[in-house]
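2 protein chains.
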Amino acid sequence: MEKQKRVTLGHGAGGRMTQDLIGSLFVPQLKNDILMEMGDSALLRGKSFHGRIAFTTDSFVVTPLFFPGGDIGKLAVNGTINDLAVAGARPLCLSAGFIIEEGLPFDDLRRVVTSMSEACRDGDVQIVAADTKVVEKGKGDGLFVNTSGVGIVNPKARIDPKRVKAGDRILLTGTLGDHGISVFLARQKLGIETDVKSDCAALTPLLLPLVEKFGPDIRFMRDLTRGGLATILNEIAAQGRKSMTIDEESLPVLPGVTSVCEMLGFDPVYLANEGKAVVVVSDEVADDALRMLQRHRLGRNAAMVGGMETPDEGGAKVYMKTPVGGMRLVDPLLEDQLPRIC
Amino acid sequence: MEKQKRVTLGHGAGGRMTQDLIGSLFVPQLKNDILMEMGDSALLRGKSFHGRIAFTTDSFVVTPLFFPGGDIGKLAVNGTINDLAVAGARPLCLSAGFIIEEGLPFDDLRRVVTSMSEACRDGDVQIVAADTKVVEKGKGDGLFVNTSGVGIVNPKARIDPKRVKAGDRILLTGTLGDHGISVFLARQKLGIETDVKSDCAALTPLLLPLVEKFGPDIRFMRDLTRGGLATILNEIAAQGRKSMTIDEESLPVLPGVTSVCEMLGFDPVYLANEGKAVVVVSDEVADDALRMLQRHRLGRNAAMVGGMETPDEGGAKVYMKTPVGGMRLVDPLLEDQLPRIC
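Note that the protein sequences, when read in sequence, are chains V and D. Going by the numbering used here, the first sequence wraps up at 342, each residue one higher than the last. Going by the numbering used here, the second sequence wraps up at 342, each residue one higher than the last.
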């Protein structure tokens, strides 16, 4: 019982416990129409601006700070860019808030800031507001970074999980689990030899052209972070009130990730990425959209992995067709198998 | 030497060491015209919206989480509202990022979120985007909160430290040091009996009517947080290339704050507030602006505390006229006397 009176690591994992925390504590207090949408970005309308502005925030507590393929700075910039991109918004500017533990080597901080600067250049966005706080040794963990971002939503975008329809197709922009495995191995120092590195990248050049070309046929997009594909598909099913069937054999996973997963008992559908998204599109444009993804460097492993269906009496569910032809139910993540990967 | 290779608490104090950190590390990497303005809010212009949008971020690491007059949640909402207000902007929406240490009692989190909800209601703003992360016990300190905010700048606002002129008057909206002393006493448990409590409040209803009424005659505004009045006046002097003389006798300080300062050797001009601002106004409207401040509940102790002057060859400096008629130079804060008060 004591455990349930206190926050645990599972509450930060992005799965069902996080949803419970948000639902029981944040939602009743902070409720308003925009927060209630629970999207990756809030969409603002106002008489002071045309169209819609997207606004989003994310705190990054990844450990270790540096890992193959990235670091907390690159992650913080790209993570917030991606929350805007999946809303169909072009990033306008970012803020950066640093909470530094006393004793952090300046060289580490410099590496992180340099990496943020490079990620901003690559993502064509600027950090226009920043804040720095320092806490005593033992009261933090090296460095935490918050980034918030403002973006301008493409007027053609109609991205909304409530718009998914039976018959829509589910696209995945690339291989599962690269980021989660990369951070896990960097942290645990298990001595496993692997070429897996984080897929941390800005998804704007991959996703925004889809919105521009296919407009309302792009029903929904979400980047695959905490909780992994399984959790995000369950959220889409619940919010869109549709079931879906995923073909397990169609899921792209790098051989290095597969072998680490088999060794350690992880399931790639619960692992985090930081440069991949799931895209629900109308059946009419699905093939064209997939080809468009595959032509881009960030989408060369993109695949059509399943489709949306009318739910039966049991309600909206996520099913997985296994390679031997069976069907199983896919649950959202409950507690995290890998905490602090972002 | 070792010390200078690592971040220390002084780097987070908001004084000269913070400026050095920003100047040596963040500015060279992240430089862009908007960040370079180094204002409390970044001002954005774009073809997608009329006029100007203000955007700001702040992380809060105050300890303890609860103190007389407020808590980390109220502080986080009002701190970001105030960064927008001093830019002449009406807050449109806020984001909230929570970094929770494993083991934080749910009741504490609930109190903080409730307090944020109340502060939002009082400040007429909504939290539209939120994020929650959890770190292991011993890797945080209960709770850190980041808030970022977007606001719409009043078209009449021309708030810019480069616009201050010799002859302009310096107004202070109320008593110095209430917040810093309140948090310090709550933390140290020295057993000092006092009625001092934090002045944490949203300054929008006090400051925005000034901008609406006096427009460009309001040269500059800044809320008095980390580093206190002395540090902020030095920043205005440096950015506006003007000297100033402050009349020490005119500075409003509550008797309770004065006696704690005398007991413990603190100087109120270096202490933080969270519901006070310094306002530089043209000489022509100074008396009217002061009366307008004094008529508001949050400005009833407002005072005219000094004026701007043409600097002599020594450059822009802040001078203090002492009660016995002497003059002394006021330096910005170097290291903090009271870390983690916001």
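Think of the hints as simulated: they come from the structure by calculation, not from any bench. Predicted model only: the values in this text are computed from it and were never measured. C-beta atoms are modelled at their ideal positions from N, C-alpha and C, and glycine is treated no differently. One or more of the hints may lead you astray.
To be verified - Per the computed footprint, the stretches of chain V lying under chain D, defined by three or more beta-carbons under 8 Å from a beta-carbon of chain D, are: (1) 112–126; (2) 134–144; (3) 231–239.
Tell me if chain D covers the stretch 134–144 of chain V under the three-residue, 8 Å CB rule, please? Since 8 is at least three, the answer is holds.
Mind taking a look at whether chain D covers the stretch 112–126 of chain V? Criterion is 3 or more residues with CB to CB distance under 8 Å. holds (count 6)
Within the stretch 231–239 of chain V, is the number of residues with a Cβ closer than 8 Å to a Cβ of chain D three or more? violated (count 0)
Checked against the numbered hints given earlier, the structure breaks only hint 3 and satisfies all the rest.
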